[in-house]
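With the hints as extra help, turn the sequences into a complete structure.
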Amino acid sequence: MKTVSTNNVSADRHDDHKPSGIGRWLFATNHKDIGTMYLVFSCIMFFIGGAMALAIRAELFRPGMQFFDPGFYNQMVTNHALVMIFGAVMPAFVGLANWMIPLQIGAPDMALPRMNNYSFWILPFAFTLLLGSLFTPSGGPAGGWTMYPPLSLQSGNSFPMMIFAVHLMGASSIMGAINVIVTILNMRAPGMSLLKLPLFCWTWLITAYLLIAVMPVLAGAVTMLLTDHYFGTSFFNPAGGGDPVMFQHIFWFFGHPEVYILILPAFGIVSEIIPTFSRKPMFGYDAMVYATASIAFLSFIVWAHHMFTVGMPLAGQMFFMMSTMLIAVPTGVKVFNWTTTMWKGSLSFEPPMLFALAFLFLFTIGGFSGLMLAIVPADYQYQDTYFVVAHFHYVLVPGAIFAIMAAVYYWLPKWTGTMYDMTLAKWHFWVSTVSVNVLFFPQHFLGLAGMPRRIPDYNVQFTDWNMVSSVGGFVFGFSQLVFVWVIIKAVRGGPPASAKVWDADMPGLEWSVPSPAPYHSFDTPPDVH
Amino acid sequence: MFKRKFISALVALVATTPVLAYESSYNMPVGVTPISREVYALHMTMFWVCCAIAAVVFGVMIYSIIKFRKSAGAIPDKTLLHSTKMEAVWTTIPVIILIALAIPAARTLVTIEDTRNAELTVKITGYQWKWQYEYLGKDIAFYSTLSTDSNEARQLHSGIDVNTVKDYLLSVDHPLVVPVDTKVRILLTGNDVIHSWWMPDFGVKKDAIPGFINEAWFKVLKVGHYTGQCTELCGRDHGFMPIAVDVFSKEDFERWIAAQQAATKVAHAAPEPSPGEAIAMTSRP
Ligand SMILES: [Cu+2]
Ligand SMILES: [Cu+2]
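Here the protein sequences come in this chain order: Z and H. Each number in the working numbering corresponds to the 1-based position in the first sequence with 807 added. Each number in the working numbering corresponds to the 1-based position in the second sequence with 84 added.
Zero decoy hints are in this set.
Mimicking BS3-like on lysine-lysine, the simulated pairs with C-alpha atoms at most 30 Å apart in a straight line are:
#, chain 1, residue 1, chain 2, residue 2
1, H, K154, Z, K1307
2, Z, K1307, H, K162
3, H, K151, Z, K1307
4, Z, K1151, H, K151
5, H, K169, Z, K1151
Rough simulated footprint, nothing fancy, chain H against chain Z, three-plus residues with beta-carbon under 8 Å:
#, segment
6, 1045-1053
7, 1121-1129
8, 1136-1143
9, 1267-1273
Quick caveat, the hints were computed from the structure, so don't treat them as lab data. Ideal placement from N, C-alpha and C gives every residue a C-beta, glycine not left out.
Set out below in structure tokens:
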């Protein structure tokens, strides 16, 4: 975290030797190469999942069935979620972790490079299976990403494919998480105590523990589904003495921490970017760490807020209402700390800062609707409507995904060694930010006015806001091509970036290595004091 | 006590404001049951509290963005690292706000969960993709499915302009019929997969789960026709199993009950009676 004496600049000449050909990628053990592969993979999945979202928005543009059979619509809804969560957002964070954690803690690589290779290369197989299931005769999974039985047990041949895909994704995430934990706990530069760890590393460390705790729970749940379907067990089948609600409890015991797996690294990213462009150290660093840890702890005791309508005892509903509301406290601490970091700063508005600021405003809106959803009597009206859809998309799109984009714009010059096209990036920001609100804000209205989620067609009273939302969706979707273009242009060349990249005084070790970061960095650990 | 008064005042205020009380295309309906009105008040209270917090937090953010710009020559104050006092304040204030919000919410929840002293009980079963209503102890039961005109219009490339269909996707062949000003208890279960019975104007949503019987209740204060939808993904036609409720005056309801029971008797007296027949009689083939 503090100042650094660098001895690696002189060493990078022979350190830049890279293996050649396809083998460099297939057998990659270098954290930067693996990070790049994760990010490229995530980008491809982002566009596949995005195409599904646009299919959904096209069908919903006006009432009446225009394009799809309702069954196919359900497949789009289900796969959009699975692809975006497990294919786009999680791998993007793992990619950023691979690239940046060793650079931020002054380590030469991740602790377990071969496992790193393995955890990445599982993913293309997992998603080939999942997306391939769309081409089976009975179509892809269509029971929602939550896979609630008994509905999910009605799936055809796509069912075991989806379950095996989920197992693979889980295995990949667990390996990624082990790698992050081992790296951060063992490979920090001498002098970097845990409370000097950059906040991106902190949030990832906590995320990694969440992953190890809950991915096996998901694996267990889907395995029980599999045996219920094919081996005559009755874990969730009431006719055999099973309990369909138990699946929901198990699923959301995974599912709620999963929500934080998708957002904690985003908190870390924003905590890196806001101090940089405020030219001021993070306000309340320790409080940020403790707030992250409290959110992680609370995430294990709030799961049933996803299931208030299943019929729980009064005491249970009270408990989950209170514990969920409690999460607002540490989350509030974070928002207040970011705000105070900007207070009396010296702010400039480069693309990473723009995205971080949009995150701050729009994630907070998602937080407010989350608080409203915690109020059980009101949740009865919100549950499974577009109000919920608006809520979690605010948290995940201008929340998690904007943070990922902010991170890419923040560290891209460190990766490519060139400055990207700032004007284009700012265009990307403004078009995305306006359209994401046009896309998701009206969905609050739709839900409150009575439109359930996961329906392919609706009463004419919902037409106007659906049209607005679809227009926003298409603008948002296509404006992401600008993002890809900015990256491609920067990879191809451009004005060279300095080691510092930004006109600010950043303490992070990643800024002490030249841009682009040499293929092998920190062969000798830097001194941190 | 004060809180309760505050909420009822809020409800009265809202209910008498014609613009807000009417079918809104952007807000939750106030509804026609005591619970739905309490829930609406809770929802609006939450909304305004969030707005107030947003005004403060976003205000400080926007002020910082305008005031502390580098381009305007702002010098960073790097000594601002942390402040125990500030941190204590912004931990305590949210806790107080949350407790203040949780108390009325908990009170409403207790009322919602109190299903005792119901004057009429209807058992509701979710099927793929229709509802069945059974009036317990009254020997009346029937299915409720999407009405034919909506069903034809919603087919892919039907060529029918859905704007011309009355209550598109919200009308059924046989609505549930209940009396006004009566505490009606509903028992919910699912026959195949999980469904969820939602009537926004009543403030009721409860899952219909195979192997479980869930309970809920409502007491409608206004005669009328109300619509809702299934809100748990239940397969291909999940979007096409609406819920419609006709709320009759007590006298009309008694007449309706008598007519239904007469029809059921005729069905039972038919040459080959079977328990399922009565149901089939009143439902679409
Ligand atoms: Cu949750
Ligand atoms: Cu349904």
